[in-house]
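**Student:** Sequence:
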Amino acid sequence: MVKIVALNKPFNVHSQFRSEDQQITLSEFIADPNLRIAGRLDRDSEGLILLTDDGQLNQQITHPKHKQYKSYVVQVEGEISDQAIAQLQQGIHLKDGLTLPAKASKIEQPAWLWQRDPPIRHRANIPTSWLEIQICEGRNRQVRRMTAAVGFPTLRLIRTQIGSVNLIDLGLGLGESTTLEALFYDEFRHLLQKSKTMKNAYEKNPSARTAKTSSKHSRAKTTSAKTTDSKTKHQPNKKGNPSAGRRGVDEGRQERHANRRGKNDTGQSPSTERTGSRKPDKAQKPSKKTA
Numbered sequence: 001m002v003k004i005v006a007l008n009k010p011f012n013v014h015s016q017f018r019s020e021d022q023q024i025t026l027s028e029f030i031a032d033p034n035l036r037i038a039g040r041l042d043r044d045s046e047g048l049i050l051l052t053d054d055g056q057l058n059q060q061i062t063h064p065k066h067k068q069y070k071s072y073v074v075q076v077e078g079e080i081s082d083q084a085i086a087q088l089q090q091g092i093h094l095k096d097g098l099t100l101p102a103k104a105s106k107i108e109q110p111a112w113l114w115q116r117d118p119p120i121r122h123r124a125n126i127p128t129s130w131l132e133i134q135i136c137e138g139r140n141r142q143v144r145r146m147t148a149a150v151g152f153p154t155l156r157l158i159r160t161q162i163g164s165v166n167l168i169d170l171g172l173g174l175g176e177s178t179t180l181e182a183l184f185y186d187e188f189r190h191l192l193q194k195s196k197t198m199k200n201a202y203e204k205n206p207s208a209r210t211a212k213t214s215s216k217h218s219r220a221k222t223t224s225a226k227t228t229d230s231k232t233k234h235q236p237n238k239k240g241n242p243s244a245g246r247r248g249v250d251e252g253r254q255e256r257h258a259n260r261r262g263k264n265d266t267g268q269s270p271s272t273e274r275t276g277s278r279k280p281d282k283a284q285k286p287s288k289k290t291a
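When you line the sequence shown up against full-length UniProt numbering, it's residues 1 to 291, in that order.
Honestly, the hints are just simulated from the structure, not real lab data.
Heads up, some of the hints might be wrong.
[Claimed, not checked] Below are the DSS-like pairs computed for lysine-lysine, each with C-alpha atoms no more than 30 Å apart in a straight line:
1) K106 with K67
2) K65 with K103
3) K106 with K95
4) K67 with K95
5) K95 with K3
[As the list claims (entries may be wrong)] If you anchor each label on the Cβ, the simulated ranges turn out as follows:
6) L183 with N125: 50 to 58 Å
7) R139 with M1: 29 to 37 Å
8) S81 with D42: 36 to 44 Å
For glycine and all other residues, C-beta sits at the position ideal for the given N, C-alpha and C.
Could you build all of it, start to finish, from the sequences and the hints given here?
**Tutor:** See below:
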C-alpha cells in the first residue's frame, strides 16, 4: 500500500535524514526509513513537506512537467508594491533563466500563523508586508530570489500547500505529521489506480508477462530462420558462401557418377550422350577386294 505523510517542518530543520555536525533533521520527526522527501524546504523555511514510499508519486509531486503548484505565505521587507506583484505575475529574470509566471497577491498577516523561534529580525524604521505566491517550478531558493529581484527581500517563508494538500486544512502544528489517504486527492488517485490495475493483472495471471516475452522471442527466431533460409537458397555460389560451394561440389560429383553409370550400361561415351556434340560415324563403303 502506498504511503504518503505530511509534515509541518519547523524553522532550522534540515530536509534530510542523515545528521551532520549535530544538525536537526527530519529524523527527529519521521521514523519510517522507507519514506523519501517529495519536495524539500530550505533550513530557514517552514511548512508543508510531503514524504512517500512510491517513486511515481514522488515524481508527480516534484517534476515541473506535472505543473504541481506549491503555495507560500511570504513576509518581505518593506511594503510590497502593486508593480512588484505584477512583475512576479509576469515572470522574473534570474541567473538561471526566466521564471514561469507566478500567481501572486498581497495579503494580511495570517491569523493562524505560529510564532517563529527565533523570531525574525525587526527594524523600527522599515515595515514588513505579506504576500501569497504560487509557483510550479522547483528551483533552488526560487521564491526568495524572486522577491529580492523585485526589491523586497524575504524575511520569512512558509509553504502552505502542495497541489490540493493544504497544511491549514490538515491542522498540523509545528513538527506534527499525519498519514494521508491518497485516494482523497485527485493528483494522486489516477497514478494509484494505474499501479493497482497493473498489479492485479499480474496477480491473476503471473505467467502472462513471461508468456508474452517468450512468444516475442519465438516469433523473432522464426523470422530470423526464414530470412536465413531464403538468403541461402537464392545466394549465388561465391567464395564468401561456403554452403553454396559445397552444394556445387556435391552436384558435380553426382553428375560424374551418373555419367559413369551411363557408360557402363550402354557402352557409349558419357560425353556423347550428354552433349550430342559428336556426329555418328559414316557407314563404311564396301571393299572391291573379295575374299
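**Student:** Determine for every hint whether it applies to the structure shown.
**Tutor:** Each hint tested on the structure:
1. K106 with K67: 23 Å, holds
2. K65 with K103: 17 Å, holds
3. K106 with K95: 25 Å, holds
4. K67 with K95: Holds, because 22 Å separates the two Cα atoms, which is no more than 30 Å.
5. K95 with K3: Violated, at about 37 Å.
6. L183 with N125: 50 to 58 Å: 52 Å, holds
7. R139 with M1: 29 to 37 Å: Holds, at about 33 Å.
8. S81 with D42: 36 to 44 Å: About 26 Å separates the Cβ atoms of S81 and D42, which means 36 to 44 Å is violated.
Hints 5, 8 from the list above are not met by this structure, while the remaining hints are.
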